[in-house]
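Here this note's numbering is used: the first residue of the sequence shown is 1, the next is one more, and so on.
The hints are simulated quantities; they were obtained by calculation from the structure and are not laboratory data. Hints are supplied without guarantee of correctness; some may be wrong.
Taking lysine-lysine and the BS3-like style, the derived pairs with C-alpha atoms no more than 30 Å apart in a straight line are [claimed, not checked]: (1) K75 x K7; (2) K45 x K75; (3) K5 x K56; (4) K28 x K56; (5) K45 x K32; (6) K28 x K7; (7) K5 x K45; (8) K56 x K7; (9) K56 x K32; (10) K5 x K75; (11) K45 x K28; (12) K75 x K28; (13) K7 x K45; (14) K5 x K28; (15) K32 x K5; (16) K32 x K75; (17) K56 x K75; (18) K56 x K45; (19) K7 x K32.
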Amino acid sequence: MVSQKVKITNPTGLHLRPAGIFCNEALKYECKVTFLIRNTTANAKSILSILGACVKEGDEIELVCEGEGEEEALKAMTAIVEHGLED
1 MVSQKVKITN PTGLHLRPAG IFCNEALKYE CKVTFLIRNT TANAKSILSI LGACVKEGDE
61 IELVCEGEGE EEALKAMTAI VEHGLED
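The whole structure should be built from the sequences, with the hints applied where relevant.
This is the structure:
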């Protein structure tokens with residue numbers, strides 16, 4: 001298991017389009033990809049779980065990857081968030 005904290009910089013947070021980009025990136029990896037925010041664990045491979053976490057701009061989430069390819073997944077997920085969840 002590997003994890004890293006990252007700050008959400010997208011002006012809309014993890015809502016609609018950015019959440020879809022986030023989810024699609026997580027789906028590329030076999031490992032389990034989740035994130036923690038405000039005592040809540042959300043599945044990064046589920047758009048409903050992401051939207052349900054109500055992540056806003058400026059929030060800090062802790063990405064957690066567990067399983068095969070976890071380090072590669074964490075690096076990619078961190079990069080996509082740091083680049084503002086843009087296409």
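Query - Ascending list of hint numbers which this structure does not respect - result: Failing hints: none at all.
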